[in-house]
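J.: Here is what each chain is made of, one letter per residue.
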Amino acid sequence: MKGLFIISGLGILAMLAEIFKFKKALFPIVLVGVLGAYAINFTEWNQNFNLPMFSNMIRFDNVAIAFSGVILATAFFWFILANDYFEKDHITDHFALVLFALVGALMLTAFSNMTTLFLGIEILSIPMYVLAASRKRDLASNEAGFKYLIMGSFASGFLLFGIALIYGATGSFDIMAIRAFISQHGTDLPAFFYAGVLLVLVAMLFKVSAAPFHFWAPDVYEGSPTVITALMSTIVKTAAFAAFMRLFLVTFGGVNETWSMVLAVVIALSLVISNITAATQQSVKRMLAYSSISHAAFMLMAILANNRGMASVSSILYYSLAYSIGSIAAFTVVYTVSKHEEGSSNIEAFNGLAKRHPLMAVCMTVAMLSLAGIPITSGFFAKYFVFSLLIGTSFKWLIILAILTSAVGVYYYFKVIIAMYFKTPEKHDAIVIDSSHVVLLILTTLFTIALGIVPNYVVEIFG
Amino acid sequence: MLVGLLIIVPLIAGLLVFGTKGKASKNIALGLSVVEFLLSLIVFFQFKHNPSNSNLVLNCSWVESLGIHFAVGIDALSMLLVLLTTFLVPLIILSSFKNDYEKPNSFYGLILIMQMALVGVFTANDGFLFYVFWELALIPIYFICLLWGGENRGAITFKFFVYTLLGSLFMLVGLIYVYSHTGFETGIKSWAIADLYQAGKAMDINQQSFVFWCIFLAFGIKMPIFPLHTWQPNTYVNAPTQGTMLLSGIMLKMGTFGLIKWLLPLTPLALEKWGGLAIGLSVFGIIYASLVAIVQKDYKRLIAYSSIAHVGLIAAGILSCTQQGIQGGVMQMLAHGVNVVGLFLIADILLRHTGTREIDKLGGIRSMNGNFALLFLIVMLGSVALPLTNGFVGEFLLINGIYQYNAWIAAFAGLTVILGAVYMLRSYQGIMLGERKDSAIAFGALASSDKWILYIICLTIIAFGVYPKPLNELAEEGTRLIMLNLK
Numbered sequence: 001m002k003g004l005f006i007i008s009g010l011g012i013l014a015m016l017a018e019i020f021k022f023k024k025a026l027f028p029i030v031l032v033g034v035l036g037a038y039a040i041n042f043t044e045w046n047q048n049f050n051l052p053m054f055s056n057m058i059r060f061d062n063v064a065i066a067f068s069g070v071i072l073a074t075a076f077f078w079f080i081l082a083n084d085y086f087e088k089d090h091i092t093d094h095f096a097l098v099l100f101a102l103v104g105a106l107m108l109t110a111f112s113n114m115t116t117l118f119l120g121i122e123i124l125s126i127p128m129y130v131l132a133a134s135r136k137r138d139l140a141s142n143e144a145g146f147k148y149l150i151m152g153s154f155a156s157g158f159l160l161f162g163i164a165l166i167y168g169a170t171g172s173f174d175i176m177a178i179r180a181f182i183s184q185h186g187t188d189l190p191a192f193f194y195a196g197v198l199l200v201l202v203a204m205l206f207k208v209s210a211a212p213f214h215f216w217a218p219d220v221y222e223g224s225p226t227v228i229t230a231l232m233s234t235i236v237k238t239a240a241f242a243a244f245m246r247l248f249l250v251t252f253g254g255v256n257e258t259w260s261m262v263l264a265v266v267i268a269l270s271l272v273i274s275n276i277t278a279a280t281q282q283s284v285k286r287m288l289a290y291s292s293i294s295h296a297a298f299m300l301m302a303i304l305a306n307n308r309g310m311a312s313v314s315s316i317l318y319y320s321l322a323y324s325i326g327s328i329a330a331f332t333v334v335y336t337v338s339k340h341e342e343g344s345s346n347i348e349a350f351n352g353l354a355k356r357h358p359l360m361a362v363c364m365t366v367a368m369l370s371l372a373g374i375p376i377t378s379g380f381f382a383k384y385f386v387f388s389l390l391i392g393t394s395f396k397w398l399i400i401l402a403i404l405t406s407a408v409g410v411y412y413y414f415k416v417i418i419a420m421y422f423k424t425p426e427k428h429d430a431i432v433i434d435s436s437h438v439v440l441l442i443l444t445t446l447f448t449i450a451l452g453i454v455p456n457y458v459v460e461i462f463g
Numbered sequence: 001m002l003v004g005l006l007i008i009v010p011l012i013a014g015l016l017v018f019g020t021k022g023k024a025s026k027n028i029a030l031g032l033s034v035v036e037f038l039l040s041l042i043v044f045f046q047f048k049h050n051p052s053n054s055n056l057v058l059n060c061s062w063v064e065s066l067g068i069h070f071a072v073g074i075d076a077l078s079m080l081l082v083l084l085t086t087f088l089v090p091l092i093i094l095s096s097f098k099n100d101y102e103k104p105n106s107f108y109g110l111i112l113i114m115q116m117a118l119v120g121v122f123t124a125n126d127g128f129l130f131y132v133f134w135e136l137a138l139i140p141i142y143f144i145c146l147l148w149g150g151e152n153r154g155a156i157t158f159k160f161f162v163y164t165l166l167g168s169l170f171m172l173v174g175l176i177y178v179y180s181h182t183g184f185e186t187g188i189k190s191w192a193i194a195d196l197y198q199a200g201k202a203m204d205i206n207q208q209s210f211v212f213w214c215i216f217l218a219f220g221i222k223m224p225i226f227p228l229h230t231w232q233p234n235t236y237v238n239a240p241t242q243g244t245m246l247l248s249g250i251m252l253k254m255g256t257f258g259l260i261k262w263l264l265p266l267t268p269l270a271l272e273k274w275g276g277l278a279i280g281l282s283v284f285g286i287i288y289a290s291l292v293a294i295v296q297k298d299y300k301r302l303i304a305y306s307s308i309a310h311v312g313l314i315a316a317g318i319l320s321c322t323q324q325g326i327q328g329g330v331m332q333m334l335a336h337g338v339n340v341v342g343l344f345l346i347a348d349i350l351l352r353h354t355g356t357r358e359i360d361k362l363g364g365i366r367s368m369n370g371n372f373a374l375l376f377l378i379v380m381l382g383s384v385a386l387p388l389t390n391g392f393v394g395e396f397l398l399i400n401g402i403y404q405y406n407a408w409i410a411a412f413a414g415l416t417v418i419l420g421a422v423y424m425l426r427s428y429q430g431i432m433l434g435e436r437k438d439s440a441i442a443f444g445a446l447a448s449s450d451k452w453i454l455y456i457i458c459l460t461i462i463a464f465g466v467y468p469k470p471l472n473e474l475a476e477e478g479t480r481l482i483m484l485n486l487k
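As they're listed, the protein sequences go chains E and C.
At position 450 of the first sequence the residue is numbered 450 (the numbering used here), and the sequence of numbers has no breaks.
At position 100 of the second sequence the residue is numbered 100 (the numbering used here), and the sequence of numbers has no breaks.
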């Protein structure tokens with residue numbers, strides 16, 4: 001809870017910086033602030049006196065704290081990655097927008113009422129619409145922002161409609177009250193309640209960009225500035241999954257027959273469409289956008305195995321952490337390379353990177369191996385936990401499908417590796433990389449491997 | 001503790017070698033791999049002295065809540081394969097002394113890290129750990145083939161990687177499936193091999209069949225068995241010689257070893273139902289690969305196909321589930337590992353001295369270098385399993401074991417003896433004997449490193465052909481333990 005206050009405070013401070021002229025000092029302040037929020041967030045671990053707050057609108061239980069931890073840690077890494085995004089114009093605006101998006105993300109981990117859920121999603125999304133369009137002279141960026149806004153509003157409409165129907169059926173916005181209502185009136189719930197659940201499901205699938213609701217994602221990811229793409233595919237995704245999980249494991253866990261088959265089909269579609277489309281991409285950034293859909297499908301698989309209680313939660317936690325860290329590393333390399341190549345992130349831009357900058361090539365290799373799910377990186381354990389959750393259910397066919405599409409995944413991740421080590425570059429000039437990015441790359445790479453060697457510290461966090 | 005050292009030493013050695021520069025890398029790598037070999041000899045003598053020595057097992061908890069342990073241990077079977085690995089790796093490193101690779105530190109570092117993974121695969125007593133090492137072994141060899149391979153290596157190594165990865169993911173699913181059936185009595189799930197055996201045997205025939213095919217796919221691709229072999233010839237030919245040696249000498253044995261330790265005892269019922277089909281595929285592969293080998297022009301490609309034929313026989317013997325079959329499979333794994341490294345070295349020597357590996361363009365080398373002709377002859381005879389060479393014991397036991405399973409299949413499998421002799425002798429004749437071709441004229445004395453490797457290999461071939469008892473005893477003991485678990 002205090003983490004949420006700190007980030008909100010930082011957001012307001014960022015807006016004041018324009019007036020009181022301490023723009024230059026803002027970056028270190030924010031960095032320290034995020035780190036402080038991360039540390040203070042964990043002092044509330046197991047401190048049950050914090051719950052619930054604001055007339056039961058928000059509850060920072062251990063699950064919320066753990067997911068907030070993932071979001072804040074990723075945010076810290078992200079700020080290092082994005083340091084020169086805050087150097088040109090609109091510095092304070094950018095800071096404020098990102099920080100308020102973080103506020104929304106943290107709310108999504110901890111909502112205990114449908115209204116807080118809606119508020120969280122809007123607080124997260126509205127800054128993201130602006131940030132996607134923040135390269136304001138670039139047509140693609142404007143298109144991205146516009147597309148994101150239209151699609152996002154559409155999904156918010158679905159969400160609101162769904163919430164209204166559920167309220168009509170159960171008479172409550174409180175997620176625990178809805179849960180209790182479902183278990184009391186197991187079979188005689190009105191039909192429009194189920195319609196409400198499905199509308200909420202569709203809205204959430206929009207937000208996590210699962211197929212067939214994914215059409216906005218690749219254009220938005222490619223058009224936005226690279227650092228904003230990194231923000232969308234890590235922090236926004238983690239927050240959306242935290243909310244998704246709480247909704248469908250806790251609130252709607254009792255009516256899982258309604259949504260589990262729909263979800264299974266969505267997962268299957270996402271796996272097939274995303275992997276096959278990713279394999280045909282020439283731009284690494286766009287490839288990562290499609291691959292993020294496939295990772296979303298994996299995390300949805302953990303939600304699908306809804307009879308496993310905390311095991312599902314900890315596996316989603318681990319997956320989002322592993323994926324966020326791996327993505328940050330990959331985006332750092334993509335960002336540096338595309339800056340060097342005048343904005344192009346085509347696969348040819350990576351040719352011969354191993355010779356031009358060995359450290360970047362090694363870190364990118366580890367990131368690709370992790371995203372592809374090769375041991376002993378964290379990505380492997382993430383997939384392993386999902387498989388072992390799902391193998392006891394009736395959805396074994398999804399595992400087989402996931403394996404087959406993973407092989408396709410290896411194709412496009414390794415295309416990058418092959419280009420880096422094997423292809424000869426057109427230019428041989430050395431690539432300049434910011435020294436803070438070097439630190440970031442080393443940190444995320446070590447983190448990826450460490451998380452793969454000792455996964456128990458994360459998966460056993462809930463005891 | 002000793003067994004832990006066996007895994008850690010190559011890892012540290014690999015990391016050390018990464019930090020070296022230039023020519024020093026190969027010497028340091030060679031020295032450290034010899035240290036590892038000596039260490040494995042110490043383990044061997046300790047094991048002979050007292051098989052239940054506590055130095056030979058290591059069990060620490062890794063992810064306790066999921067029942068994953070870092071459990072490794074030496075038994076008769078793993079002892080043999082660890083010895084094979086630690087014996088071959090120094091030879092493989094030595095064989096590269098005449099090649100000047102770019103970035104030698106990465107090259108040798110990767111070989112040593114791969115050795116770590118291989119020793120891990122052979123000693124793992126925990127299903128999860130086994131899988132992790134299995135996959136870890138793939139990464140270094142992928143980069144070795146990709147960075148130092150021949151032309152068109154990008155596409156070829158990629159095919160190799162996707163094939164093996166796909167197989168191993170299915171194996172992971174099979175193992176997780178067995179794992180999810182463990183602990184019905186205690187309620188605690190476990191990856192320990194004994195628990196997996198127990199859970200596997202308790203499953204019904206349909207469940208076992210699912211597990212059998214999932215896991216068999218992985219091993220079948222790794223060996224490879226017909227029709228999963230299509231990645232193999234191109235990969236072997238295009239990989240650098242050392243990569244080919246690692247792939248065929250040691251990595252291939254991961255598949256056959258896996259069959260014995262990680263498949264037979266898990267799914268005995270499924271084996272009764274599907275074993276015949278699997279053996280049929282293996283035996284078909286023997287004949288198919290032998291016939292293809294006969295018409296090969298490139299000597300390295302010929303050895304690649306001969307390797308498919310040999311491994312088909314090993315797999316058929318193991319899948320027959322008889323004492324002789326499995327024991328013969330183990331013996332043949334050792335013999336094949338040594339012989340095939342020798343053959344690939346010979347192919348490399350031919351290329352370096354004459355500039356070609358095409359059998360048609362070679363001829364009459366014996367008249368230029370009689371010493372080399374003799375060494376080549378011994379390795380070749382070991383490979384066709386002449387009595388008094390190391391290949392004989394295993395092949396005899398294998399055919400004997402398959403005969404107990406089914407006489408007709410044994411008759412077809414026995415064709416390998418004849419066909420093997422055909423392609424091996426013909427190629428030897430074409431390369432070494434006959435009229436001296438232009439390419440042979442420049443064939444001078446062998447480099448001392450090549451000579452030493454061939455001496456060591458030939459000595460091993462003869463020594464264990466004449467006196468196979470120490471290895472055979474271990475193989476028998478290891479097989480006996482597996483047979484106990486099959487009942």
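Keep in mind the hints are simulated off the structure, nothing from the lab.
Just so you know, even glycine gets a beta-carbon here, dropped at the ideal spot from N, CA and C.
Treat the hints with care, since some could be wrong.
Unchecked claim - Label-pair ranges, simulated between beta-carbon atoms:
#, chain 1, residue 1, chain 2, residue 2, range
1, C, 273, E, 453, 36 to 42 Å
2, E, 450, C, 65, 33 to 39 Å
3, E, 257, C, 411, 27 to 33 Å
4, C, 64, E, 42, 43 to 49 Å
5, E, 265, C, 355, 40 to 46 Å
6, C, 447, E, 343, 49 to 55 Å
7, C, 470, E, 397, 57 to 63 Å
To be verified - Just a sample of chain C residues kept apart from chain E, beta carbon distances all over 12 Å, derived:
#, residue
8, 153
9, 155
10, 323
What the hints assert, rightly or not - In silico EDC-like links for lysine to aspartate or glutamate, alpha-carbon gap of 20 Å or less:
#, chain 1, residue 1, chain 2, residue 2
11, E, 23, E, 61
12, E, 88, E, 44
13, E, 2, E, 61
14, C, 21, C, 100
15, E, 136, E, 84
16, E, 355, C, 100
17, E, 339, E, 18
18, C, 103, C, 64
19, C, 189, E, 460
20, C, 361, C, 272
21, C, 297, C, 151
22, E, 355, C, 298
23, E, 23, E, 93
24, E, 136, E, 93
25, C, 451, C, 438
26, E, 423, C, 204
27, E, 423, C, 298
28, E, 396, C, 204
J.: Each of the hints needs a verdict: does it hold here or not?
T.: Against the structure, the hints come out as follows:
1. C:273 with E:453: 36 to 42 Å: Given range 36 to 42 Å: holds, Cβ gap about 40 Å.
2. E:450 with C:65: 33 to 39 Å: violated, 18 Å
3. E:257 with C:411: 27 to 33 Å: Distance hint for residue 257 (chain E), residue 411 (chain C) is violated at roughly 57 Å.
4. C:64 with E:42: 43 to 49 Å: violated, 22 Å
5. E:265 with C:355: 40 to 46 Å: Violated: the Cβ-Cβ distance is about 59 Å, outside 40 to 46 Å.
6. C:447 with E:343: 49 to 55 Å: holds, 52 Å
7. C:470 with E:397: 57 to 63 Å: violated, 50 Å
8. 153: Violated: least Cβ distance 8 Å, not greater than 12 Å.
9. 155: violated, 9 Å
10. 323: holds, 34 Å
11. E:23 with E:61: violated, 35 Å
12. E:88 with E:44: Not OK: residue 88 (chain E) and residue 44 (chain E) at ~37 Å, beyond 20 Å, violated.
13. E:2 with E:61: Given pair residue 2 (chain E), residue 61 (chain E) holds - Cα atoms ~13 Å apart, limit 20 Å.
14. C:21 with C:100: With a Cα-Cα distance of about 13 Å, the restraint between residue 21 (chain C) and residue 100 (chain C) holds, given a limit of 20 Å.
15. E:136 with E:84: Holds. Residue 136 (chain E) to residue 84 (chain E) sits at ~16 Å (cutoff 20 Å).
16. E:355 with C:100: Between residue 355 (chain E) and residue 100 (chain C) the Cα gap is close to 19 Å, so the pair holds against 20 Å.
17. E:339 with E:18: violated, 28 Å
18. C:103 with C:64: Distance of about 40 Å is beyond 20 Å: violated.
19. C:189 with E:460: Satisfied, since the Cα-Cα distance of roughly 15 Å is no more than 20 Å.
20. C:361 with C:272: violated, 49 Å
21. C:297 with C:151: holds, 18 Å
22. E:355 with C:298: violated, 33 Å
23. E:23 with E:93: Answer holds: residue 23 (chain E) to residue 93 (chain E) is near 11 Å, not above 20 Å.
24. E:136 with E:93: Holds. Residue 136 (chain E) to residue 93 (chain E) sits at ~13 Å (cutoff 20 Å).
25. C:451 with C:438: Violated, at roughly 23 Å.
26. E:423 with C:204: Since the Cα atoms of residue 423 (chain E) and residue 204 (chain C) sit roughly 51 Å apart, the hinted pair is violated (cutoff 20 Å).
27. E:423 with C:298: Violated - the C-alpha atoms of residue 298 (chain C) and residue 423 (chain E) are around 27 Å apart, more than 20 Å.
28. E:396 with C:204: The hint holds at about 17 Å.
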